[in-house]
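Asker: Each chain is listed here by its residues.
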Amino acid sequence: MLRSEITDNELMQRLATDGEAAMALIFRRHYEQVCRTVYRVVPQAETAEDIAQEVFLELWKRRNQLTISTSLGAYLRRAALNRALNYVRDQKMKWSDDAELPAMSDGAPGIPEQLEAKELQKMVDQYIDQLPEKCRLVFVLSRFESLSHAEIAEQLDISPKTVENQITKALRFLRNALGPYIGLLISVFVKICVGASALIGVFGDELPKI
Amino acid sequence: MSLPENITLLLTRQWNGESLTDLEQSARDQWLAAADHAAEADRLHRVWLAADNYPSHYEPDFDAGWNKLKSRMSDSKPVQTPAAKVVLMRRIVAVAASVLLLLAAGIWWLLPDAPTEPPYRIVAALSGKPMEVALSDGSLIVLQDGAELTFPETFPDKGAREVELSGEAYFKVTRDEQRPFRVQAAYTLTEVLGTTFNVRAWPGENAVEVTVETGRVRFSPVSQPGESLTLHPGERGQCLTNGNLVKSGDMEINALSWMTGQLRFRRAKLSEALQAIGRHYEVVLDLEKTALGDCSYTGSFEKAELKDVLLTLELNYGVRISEVSPKRYVLRGGSCR
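Each protein sequence line maps, in turn, to chains E and Y.
Counting in this note's numbering, the first sequence runs without a single skipped number right up to 210 at its last residue.
Counting in this note's numbering, the second sequence runs without a single skipped number right up to 547 at its last residue.
Think about it this way: if two alpha-carbon atoms lie no more than 30 Å apart in a straight line, the pair counts; the simulated BS3-like pairs of lysine-lysine are:
#1 Y/Lys-339 x E/Lys-61
#2 Y/Lys-499 x E/Lys-161
#3 E/Lys-134 x Y/Lys-517
#4 Y/Lys-537 x E/Lys-161
#5 E/Lys-169 x Y/Lys-517
#6 Y/Lys-339 x E/Lys-161
#7 Y/Lys-499 x Y/Lys-517
#8 Y/Lys-517 x E/Lys-161
Keep in mind the hints are simulated off the structure, nothing from the lab.
Whenever a hint applies, use it, and build me the whole structure from the sequences.
Answerer: Right, dumping it as structure tokens:
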């Protein structure tokens, strides 16, 4: 994204006069982030996108009056997170406390010599998705929304102690599940950030020099 | 090897950019100093970072989303005013753009209104701390985090100055005897000429509460404007959801603790102190031995964390405090000392 592009601030001002065009740019810039924020909490594409719609429609309806004490991106993400958590509360999801973590097969069955970055990323996703729902939700709120333990406890109406148990449980599970691939994780992460999906060799448990 | 829970949690908080206390830092460093521990912490950090693109498989349907939004946008006019606001703002006529002074940390946008729009604004405090808003008549309002204020850019030359509040705010109203100042909060109306007072009207609570610091305030349910309380400095009025009004003589000294961060108690009854503390930290504190409620408590806290307040109570009364359910604590045993 070019730095000389129109800023969010200017876009907000233009919403009033130049409505649809400004909204199109705001949507282009923030829709994916808003959807992803919701989807992490409510992992159903259709529902997540319905909730994201409401976030943007609300911005549109209130475009002439709204003053926001933070950046537009932060405002939209916060609005999205609130709506997603409301949805979770409205569903009155019942989580079983003793939901079992999926069993780990002993020893990784044949680590491939080479692993496509995308495949590794997919594996990380799959392991997160395998977490029992309450555990996954707590982990996601801590990891992506940087909510404090107390905030997560309040939002999900569980005790802070449960929040801490669940975060630890999630991380231990992921650590064990990804054990054989840990050497790859950083390099894959960097490669994905620069947009390449290169083939990466296996470096065992040591961090390769990049 | 797996990391102990307390260290795991300290590390995740650190990775999230939270600051750790000196005690926590030394606990972490002590653990990391042992053989292999730093390497294991590094492995866990990689797992933490690797989740960054989650969910990498999910991509929203951008075109479908935009097309849907576009059609809904053309169906929906900008919020002129929700029904309640129409009543409140009815008398406000379009006036020339005015200078509105907004004082707050963070970035501000002043959105120009299209000429046909009603000239009012909504300010939402969302940055996690109280936010100040200055109105065109010089009145100053401090919004509690999460509160929202609706107000006209410029008040009319004649008639009342009307604003609408959701949540809690402290008002410092500039005196103008010709133009009373009215706050509509949920189902209540508060009217003043020039005073300082606090209005608490959070959705979901069973009463709206007004506490007066200086001046005189008239407080009534919207549905029965004839039924009203006149409140003087140090007085507190409550309006219950059924419209009943209750007045209490002594202003809760800590009513403004949300803004000042200060809690003060001077020979207060412990039961009342626990109520104020609970309200400040949004928790419930129960006494197992109810007789302790009559103990006297003197002390003050300034921007203290809840755990430090609880520790102080434990030391003062010899009680043992435990969290029995989310945000609910029980104080067991103890005596007045």
